[in-house]
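Letter by letter, the sequence shown follows residues 1 to 59 in my numbering.
To be clear, the hints were calculated from the coordinates, so they are not data collected in a lab.
Straight line, CA to CA, 30 Å or less: simulated BS3-like cross-link-like pairs of lysine-lysine:
#: 1; residue 1: K57; residue 2: K18
#: 2; residue 1: K42; residue 2: K57
#: 3; residue 1: K18; residue 2: K42
#: 4; residue 1: K18; residue 2: K38
#: 5; residue 1: K38; residue 2: K57
Please read these numbers as outputs of a predicted model, since none were measured by experiment.
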Amino acid sequence: MDEPTGNLDSATRDSILKLIQNINRNFGATIVVVTHDKEVSKICNETIELENGRVVKRT
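My request is simple: use the sequences and hints to build the entire structure.
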């Protein structure tokens with residue numbers, strides 16, 4: 001997903017994040033999300049930060 005919460009108000013963003021979490025938990029699906037929103041990264045099991053196309057941080 002590319003910026004699934006971009007340009008959304010916080011309530012709608014939270015609803016989308018809950019939906020993504022439910023898909024992951026209920027179906028065991030791996031979901032790749034590209035975002036600039038640090039709030040989105042808080043729900044992720046793993047994050048990879050890129051800078052100029054290179055990995056600079058993994059958590």
